[in-house]
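Engineer: With these hints in hand, go ahead and build the complete structure from the sequences.
Using our numbering, the letters of the sequence shown map in sequence onto residues 1 to 77.
Mixed in with the good hints there might be a few duds.
Label-pair distances were calculated between CB atoms; the ranges are [unchecked claim]:
1) GLY3 <-> ARG68: 40 to 50 Å
2) ALA44 <-> ALA17: 49 to 59 Å
3) LYS66 <-> ALA40: 15 to 25 Å
4) GLY27 <-> LYS66: 46 to 56 Å
5) GLY71 <-> ALA26: 16 to 26 Å
With a cut-off of at most 25 Å between alpha-carbon atoms, the simulated SDA-like pairs for lysine to any residue come out as follows [what the hints assert, rightly or not]:
6) LYS66 <-> LEU49
7) LYS66 <-> ALA52
8) LYS66 <-> VAL30
9) LYS66 <-> ASP48
10) LYS66 <-> LEU54
11) LYS66 <-> LEU76
12) LYS66 <-> LEU77
13) LYS66 <-> GLU41
14) LYS66 <-> GLY27
15) LYS66 <-> ALA45
16) LYS66 <-> PRO43
17) LYS66 <-> ASN53
Keep in mind that the hints were calculated from the coordinates and are not lab data.
Built from N, CA and C at the ideal position, the CB exists for glycine as well.
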Amino acid sequence: MTGSRETVLARIRAALADVPASESPAGHPVGRDYLSTHTAEDPAALLDLLAANLADYRAQVHRTTKGRLPGVLTRLL
1 MTGSRETVLA
11 RIRAALADVP
21 ASESPAGHPV
31 GRDYLSTHTA
41 EDPAALLDLL
51 AANLADYRAQ
61 VHRTTKGRLP
71 GVLTRLL
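Structural biologist: Following this line, the structure appears as structure tokens:
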């Protein structure tokens with residue numbers, strides 16, 4: 001039985017079958033103008049982004065402080 005890795009590699013080989021051997025990837029630069037981060041390196045902004053993403057999956061987000069964490073965990077469990 002063929003594994004997933006072999007299946008993917010076979011598809012790549014099939015897609016590249018008609019590419020001339022003289023053609024190299026170096027001749028086709030890849031643009032790197034996409035976002036490398038979604039927010040500033042501000043911890044509060046990162047937490048807001050995480051909470052929003054978790055809410056998209058209908059997860060409940062409970063914000064608390066380090067000192068109140070044991071109480072929140074006790075209440076939730």
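Engineer: Now tell me, hint by hint, if it's right for this structure.
Structural biologist: Results for each hint:
Under the hint 40 to 50 Å, the C-beta atoms of GLY3 and ARG68, about 48 Å apart, fit the expected range. Take ALA44 and ALA17: their Cβ atoms lie about 51 Å apart, and the range 49 to 59 Å holds. As the Cβ distance of LYS66 to ALA40 is approximately 23 Å, the hint placing it in 15 to 25 Å holds. In this structure the supplied range 46 to 56 Å holds for GLY27 paired with LYS66, their Cβ-Cβ distance being about 54 Å.
At about 59 Å, the beta-carbon gap between GLY71 and ALA26 misses the expected band of 16 to 26 Å. Proposed proximity of LYS66 and LEU49 is supported: the alpha carbons are some 20 Å apart, at most 25 Å. In summary, the hint linking LYS66 to ALA52 is supported, as the alpha carbons are separated by about 21 Å, within the 25 Å threshold. Simply put, LYS66 and VAL30 have alpha-carbon atoms about 44 Å apart, too far for the 25 Å limit, and the pair is violated.
Restraint check: the Cα-Cα separation between LYS66 and ASP48 comes to about 17 Å, which is no more than 25 Å; the hinted pair holds. Taking the CA atoms of LYS66 and LEU54, the gap is near 20 Å; set against the 25 Å cutoff, the hint holds. Between LYS66 and LEU76 the CA atoms are separated by roughly 16 Å; this keeps the pair inside 25 Å, and the hint holds. Proximity of LYS66 to LEU77 is assessed by CA-CA distance (about 17 Å); at most 25 Å being required, the pair is judged to hold.
The straight-line distance between the Cα atoms of LYS66 and GLU41 is roughly 21 Å, inside the 25 Å bound, and the hint therefore holds. At most 25 Å may separate the alpha-carbon atoms for a hinted pair to count; LYS66 and GLY27 exceed this at roughly 53 Å. For the hint pairing LYS66 with ALA45, the CA-to-CA distance comes to about 18 Å; that is within 25 Å, so the pair holds. This hinted pair checks out: LYS66 and PRO43 have alpha carbons roughly 15 Å apart, not beyond 25 Å.
Restraint check: the Cα-Cα separation between LYS66 and ASN53 comes to about 22 Å, which is no more than 25 Å; the hinted pair holds.
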